[in-house]
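Enquirer: Listed here are the chains, written in short residue letters.
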Amino acid sequence: MNDRRMALEIFGEIILVAVIASFFVYLFVQSLSWPFGAALMPRIAVVIGTPFLIARIISLVRRTSLEKGSILDMGFRLGDDPKHEARNFARICAFIVGLYLAIWVFGFHVALPLGMFFYLFFYGRAGWILSTVVSLCFLAVIVGIYDNVLHVSWHEPLIFSLLR
Amino acid sequence: MLEAAIQAAEHLFTLGPILAMVLMLPIALFSGITPGGNLPIAVVILGFSPYFDPWVTVTALVFYLAANDITEPVPSILLGIPGSRSAQATVLDGYPMAQKGLAGIALGASYMGTLVGGMIGALALLLALPASRELLKLFGSAEFFMLSLLGLIAVAVVSAGAFAKGMLTAAFGLAIAMIGFSPIDGVVRANFGIEYLWDGVALGPVVAGLFAIPEAIDLVVGDRPIARERLDVLINEASRDIYRGIREAFRHKWLLVRSSLIGTFVGMMPGVGGSTAHWIAYVQARHTEKGGVDTFGKGDVRGIISSDSAVNAVDGAELIPTVVFGIPGGGGMAILLAILVLSGVQPGPAMLTTHLDLTLSLVYTVVIANVITIPIMIYAGPYILRLAVMPANILAPIVIGVVTLAAYQTTYSMEDLLLVLAFGALGVFMKRYGWPRPPILIAVVLSEIVEKYFWISMNTYGFEMLYRPQLLSIIALMIVVVFVSMRLQAKASEAEVEAAETGKTE
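Chains as they are written, first to last, in the numbering used here: chain A, 1380 to 1543; chain B, 282 to 787.
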């Protein structure tokens, strides 16, 4: 693995470690204002985790430990074309974020079926029929099960408040 | 016990649980053959658990998990693509056999191996129950606290394969689980000023984000198209000689039993599970069977028999620590625990007294799943594969849509989806850098129990609880479990590396 790639690898894991460290700090500082009963277990968690966090940071800084994963975690399946894989990764992540944004703005009844159709038709190359069938299946589940059986109360889509 | 066994049957064979099994069967058949793991569907079942009787949801989940494991070897054998971590060893011998036109024999041996393994695992669960009842009478709040805490640590360390990383993940998981109301004095903790987090992080969005989203992303990132013409040939070949494969499995009956017992033993250890069990069984078979060192990895049916019987034996065995001690061995079991807790059924002693019938129903469910699924797979397995082998860019968005709906069922607010996104980002990072994710899930499930028992123990015994012989025994046992588990894992890793070096893995 060349130096640039290794630096990228370490940088990514440093972000993860930074998130954990930030949360530990936040939790500990907050616990100072809680009664003893509420503060005890959070402090124990932070106290147990901190030495291992420091050890992990040190190993990252020294670049002594960059194991890819253990037997129980397959890691992402990476092949011979990193650019293609990066494109796929960006596309699916954009789809997820876009879908959730659309759900917030337009609601489940519109966003989920249309989002499915959009992705299946344009990226999945599923064709009109399959894309439409899957979209209609989602709509049927939303209306048939969630509306009529479970009587779910949906959030108000943003578009409604904008149009008012 | 007999009365509970009869009650279990009376409850299980009613409309609700039967419909649940009928519904879960095609879903398990389909999802076991497709990559992506079993947790997305488990999340959906979790989402519906507040609406249904625990007999229905628990039956649905256990049936689904058991049936799902049976179908996982099919893509490993026919396509050389393991459907999960637990099917990797099957590829080593199954795929070469398929390439030689012996796919039917490979599948038949796999089905019989999984059937026998599943039965032995269920039997182990049944036999463990009376002994566990007596053991639990010795335990108090201090012991349950230590069991839960050490169970979390064991899962973390074993699933990480490294002590420091595992401990850090366990502590992080516990810290995340502290968000929300304190069960001790009702103070709202670490909620970032967000009202949604007053009740803590909900399990549905956590599972959807940590597990389902990264797996869906992985499907798309690692997508490899499959030649459909080759698939047609394989399916035709796979339909032949299945009964020859079944006879082959019985020809190696002692290997079958031995591997099933390995799976049972490994399954009882928290955090280890099928992904290690199948490698251990494979390695032991390779070194103990006549000529195994020369023939394993080149299309030896014994390789399939050993690995698949061990994997399926785990299904019953891993219910023992989950249900009896409240220590889930992995993601699926953590969700089972969550469903039990949401349904008002406390894992632990109550599962062997008040709810013994529910516990026994789990045994029946595992057996039923095996007995029903195997014949279906014998006749229809390869044809199901034709349906299930769909491009990742079609499967992934469907998985994302399904888990999004399931996660939204938590509080029916957009904050559920924001939580999915947050844990999704965390899950992607953790998967990418090899950090174990199950400890966070298990910490969220166990945190309230751990904290409550800790508080009760401190108020009852103070620090003298550390001198209780039962507690010290648990600590010693857990150290042994973690040590043995990590040794087993190291052996499994060596087997995996050896297989990769001989060029047999993809």
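If you are wondering where the hints come from, they were derived from the structure by calculation, not from laboratory data. Virtual Cβ for every residue (Gly too), placed ideally from N, Cα, C. Check the hints yourself; a few may be wrong.
Claimed, not checked - From the structure, some residues in chain A lie toward chain B, with a derived Cβ separation under 10 angstroms:
| no. | residue |
| --- | --- |
| 1 | A1386 |
| 2 | P1414 |
| 3 | M1420 |
| 4 | Y1498 |
| 5 | Y1502 |
| 6 | L1509 |
| 7 | T1511 |
Said to hold, decoys possible - To spell it out: a stretch of chain B is covered by chain A in this simulated footprint if at least three of its residues, at any positions, have a beta carbon under 8 angstroms from a beta carbon of chain A; those stretches are:
| no. | segment |
| --- | --- |
| 8 | 417-425 |
| 9 | 456-465 |
| 10 | 676-685 |
| 11 | 722-736 |
Stated by the list, open to error - Pair ranges (Cβ atoms, derived):
| no. | chain 1 | residue 1 | chain 2 | residue 2 | range |
| --- | --- | --- | --- | --- | --- |
| 12 | A | N1527 | B | E476 | 44 to 52 angstroms |
| 13 | A | L1411 | B | Q751 | 31 to 39 angstroms |
| 14 | A | A1473 | B | E284 | 53 to 61 angstroms |
Enquirer: Count the residues of the segment 676-685 of chain B whose CB lies closer than 8 angstroms to any CB of chain A, then report whether that count reaches three.
Expert: holds (count 6)
Enquirer: Under the criterion of a CB-CB separation shorter than 10 angstroms, is A1386(A) in contact with chain B as hinted?
Expert: 14 angstroms, violated
Enquirer: Check whether three or more residues of the segment 417-425 of chain B sit with their beta carbon closer than 8 angstroms to a beta carbon of chain A.
Expert: violated (count 0)
Enquirer: A range of 53 to 61 angstroms was offered for this pair. Does it hold for the Cβ distance of A1473(A) and E284(B)?
Expert: 58 angstroms, holds
Enquirer: Taking the closest Cβ pair, is L1509(A) under 10 angstroms from chain B?
Expert: 7 angstroms, holds
Enquirer: Quick check on a hinted range of 44 to 52 angstroms for N1527(A) and E476(B), using CB atoms only.
Expert: 30 angstroms, violated
Enquirer: Could you see if the CB distance from L1411(A) to Q751(B) stays within 31 to 39 angstroms?
Expert: 35 angstroms, holds
Enquirer: Regarding the hint that P1414(A) lies at the interface with chain B, is the smallest CB-CB distance below 10 angstroms?
Expert: Check passed: Cβ of P1414(A) comes within 5 angstroms of chain B, closer than 10 angstroms.
Enquirer: Does M1420(A) hold up as a contact with chain B if the rule is Cβ-Cβ below 10 angstroms?
Expert: Given a least distance of 5 angstroms, the restraint on M1420(A) holds.
Enquirer: Return the status of the interface hint for Y1502(A): holds when the least beta-carbon distance to chain B is below 10 angstroms, violated otherwise.
Expert: Holds. Min distance 5 angstroms.
Enquirer: Measuring from the C-beta of T1511(A) to each C-beta in chain B, is the shortest one below 10 angstroms?
Expert: Since the shortest Cβ distance to chain B is 13 angstroms, the answer is violated.
Enquirer: Quick check: the segment 722-736 of chain B, covered by chain A? Criterion 3+ residues, Cβ under 8 angstroms.
Expert: holds (count 5)
Hints 1, 7, 8, 12, counting from the list given before, are not met by this structure.
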